[in-house]
Amino acid sequence: MRAADLTTAALLMAVGALVVRDALRLGVGWGTDGPKSGFFPFWLAVVLLACCLGIVVQALRRADRAPFVARGALGPVLKVLWPATAAVLLMQFVGLYVASALYMGFYMRWIGRNSWLAVVAVSVGFSVSTFLLFETWFLVPMPKGPLETWLGY
Amino acid sequence: MGFENLLLGFQVALQPHNLLLAVIGVALGTIIGVLPGLGGANGVAILLPLTFSMPPTSAIILLTSIYWGALFGGAITSILFNIPGEPWSVATTFDGFPMARRGEGGPALTAAFTSSFVGALFSVILITLFAPILAEVALKFGPPEFFAIQLLTFSSFIGLGGGSPLKSLVSILIGFILASVGLDIVTGALRLTFGFTDLMKGFDFIVAVIGLFGIGEILLTMEEGLSFKGASAKMSPRVVWDTWHILPRYWRTFLRSCFIGFWMGFKPGGATPASFMSYAFAKRFSRHPERFGKGEIEGVVAPETAAHAAGGASLLPMITLGIPGSPTAAVMLGGLIIWGLQPGPMLFKEKPEFVWGLIASMYTGNVIGVIMVLAFVPAFAAILRVPFAILTPLIISICAVGAYSVNGRMLDIWYMLIFGVIGYAFKKLDYPLAPLVLALVLGDLAENALRQSLIISQGSLLIFFVRPISGAITAVALFFFALPVITPWWRRLRGVSVPDVSPRET
Chain A
1 MRAADLTTAA LLMAVGALVV RDALRLGVGW GTDGPKSGFF PFWLAVVLLA CCLGIVVQAL
61 RRADRAPFVA RGALGPVLKV LWPATAAVLL MQFVGLYVAS ALYMGFYMRW IGRNSWLAVV
121 AVSVGFSVST FLLFETWFLV PMPKGPLETW LGY
Chain B
1 MGFENLLLGF QVALQPHNLL LAVIGVALGT IIGVLPGLGG ANGVAILLPL TFSMPPTSAI
61 ILLTSIYWGA LFGGAITSIL FNIPGEPWSV ATTFDGFPMA RRGEGGPALT AAFTSSFVGA
121 LFSVILITLF APILAEVALK FGPPEFFAIQ LLTFSSFIGL GGGSPLKSLV SILIGFILAS
181 VGLDIVTGAL RLTFGFTDLM KGFDFIVAVI GLFGIGEILL TMEEGLSFKG ASAKMSPRVV
241 WDTWHILPRY WRTFLRSCFI GFWMGFKPGG ATPASFMSYA FAKRFSRHPE RFGKGEIEGV
301 VAPETAAHAA GGASLLPMIT LGIPGSPTAA VMLGGLIIWG LQPGPMLFKE KPEFVWGLIA
361 SMYTGNVIGV IMVLAFVPAF AAILRVPFAI LTPLIISICA VGAYSVNGRM LDIWYMLIFG
421 VIGYAFKKLD YPLAPLVLAL VLGDLAENAL RQSLIISQGS LLIFFVRPIS GAITAVALFF
481 FALPVITPWW RRLRGVSVPD VSPRET
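These protein sequence lines map, in sequence, to chains A and B. Here the working numbering is used: the first residue of the first sequence is 1, the next is one more, and so on. Here the working numbering is used: the first residue of the second sequence is 1, the next is one more, and so on.
Since the hints were made in silico from the structure, they are not lab data. It is possible that part of the hints are untrue.
Derived coverage of chain A by chain B (criterion: at least 3 residues anywhere in the stretch with Cβ under 8 angstroms from a Cβ of chain B; other residues may be distant) [stated by the list, open to error]:
#1 1–14
#2 29–35
#3 42–55
#4 94–105
#5 121–132
#6 144–153
Glycine residues also receive a C-beta, built at the ideal position from the N, C-alpha and C atoms.
Here chain A stands alone, though its shape is the one from the complex:
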């Protein structure tokens, strides 16, 4: 946990440094009509850097050897994360409805070992009902792909 704490603090400090740099570019002082654009972000980042230093000191003082993620627990987390990322990637090309149907079907078959009937029913059912709800009823468009174009949407 200590290593994770230190890494996070270091990353946040990098963010803080980036903000300071950009704020200095914009100007942090008093402009013609009040504080310049960089004024507020600059002080936020300065306090952030100070806080992260404090967290680093606290973490270094503590002898905490517990790992961030227990050995057995990383698997289930990644098993959720990578199919989800793949599904989002797929959305760019085939649209949200097809991608989420494929994603749900894949996940149910792979993790849940559900029967093909259940897989098809749930994944297609979800996509069709979302489509009807958003696209036709509430008129909120979702990303669409070739299949929807072929169907005339």
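Based on the hints, put chain B in the right spot on chain A.
Just chain B now, kept in the frame of chain A:
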């Protein structure tokens, strides 16, 4: 005068289609509250885009009903499955689950729902009485006062939130920094975009809420490898009636929890510490403290009453000051802005039918809520018997739909995933997420209030201290900021150690 306004509100809230929306909202909210990974805040966030085409009053009635439903739903999973669906129902598991295992699930649920109802009703009555007065006072506020109130909002996370004050402060700062990405509306300069046009529009907090609370929560749930083995509850009018017969005995607990809940919820800090505090007090004042944790009905009454009282109270600063008391209230505030309303005290003058319709709908929403959950507990509990392999991709897909529909940008779905990973890491490392979200929502407002104040004072920070109202609020805020430093010192001075009863808000 207040009474007439309330009548006006009831005329709005009791319109058939608004009542129907309340029923739909409570049902959806209860489902959201039951599902792990979908809480009040991201439930409201995901469904917010569906309200864009509605009239604002109907939209806010739908959203608040979802909120009440989520509050009720949290109790079902806590009691029957020993899994707190919401952070504020953690304390409910202490006695609720032992009761359910003993076969007293019915009485435990009845007690929980009734307490929730009482707590919420108490808050709503206080809101009805005090909201107009507070709005009247707030009308006299200038930029320094608003900035001081925002300072108070964030200081209470640090001083009263529990957990590491440094990490709470970091969360707040990250929220503010994310809020400042994009176009600076005062000078027109581009900030923190580093040449990427995609960053110009900044980060939408609704997407952040869906990622941080939705995806992050699912990852955590997966890691813990939960399996749902629940107790079953038999609900019948007889059980409800018998439980209602014994509940008045605990009127002291009800009253105390109502006040704790309202007080904690009115200030940001929220429902979760309120529920723990109320549980601790109930145990301390009980004649049988040894029974707590083993299935004492009072241990269900206390946290549920307080959590709902706090949940209601967090809407008070939202409608009167335009400053949300909880992440869910923050999402609703975002809704107000999207519907074209200016949140804040002027709402009472300009849109009385909206404000009073909202307040009246808190009464109707809670009545509908308590009836629905009492009647349909088995149906809601059955949701958790759906296998996890179906729930997980379903929830993630719904989150993606919600994130996309906010702005219609594919990029937001990527942001949602990234926020999900950040939310997971932050939660594990004890960085609180609620202040981050509030800072992201309030960022522009806070910065504008600060800048305008400094322009008024020609750059002197003294303006926050010399004006009487802002001076008083700033002083309290500074006290809260200093509290983590003062408390250990004070304890050493008195030579006692006081047990900490307020865990963090998530």
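Per-stretch coverage check for the stretch 94–105 of chain A, three Cβ contacts closer than 8 angstroms to chain B = Holds: 4 residues of the stretch 94–105 of chain A have a Cβ under 8 angstroms from chain B.
Counting residues of the stretch 121–132 of chain A that have a beta-carbon nearer than 8 angstroms to any beta-carbon of chain B, does the count reach 3?
-> holds (count 3)
Do three or more residues of the stretch 42–55 of chain A come closer than 8 angstroms to chain B, measuring C-beta to C-beta?
-> holds (count 8)
Counting residues of the stretch 1–14 of chain A that have a beta-carbon nearer than 8 angstroms to any beta-carbon of chain B, does the count reach 3?
-> It holds, with 5 qualifying residues against the three required.
Coverage criterion applied to the stretch 29–35 of chain A (partner chain B; beta-carbon cut 8 angstroms; 3 residues) | Holds, because 5 residues of the stretch 29–35 of chain A bring their Cβ atoms closer than 8 angstroms to Cβ atoms of chain B.
Stated coverage of the stretch 144–153 of chain A by chain B [criterion: 3+ residues, CB within 8 angstroms] | That given contact is violated, which follows from only 0 residues of the stretch 144–153 of chain A lying within Cβ reach (below 8 angstroms) of chain B.
Checked against the numbered hints given earlier, this structure breaks only hint 6.
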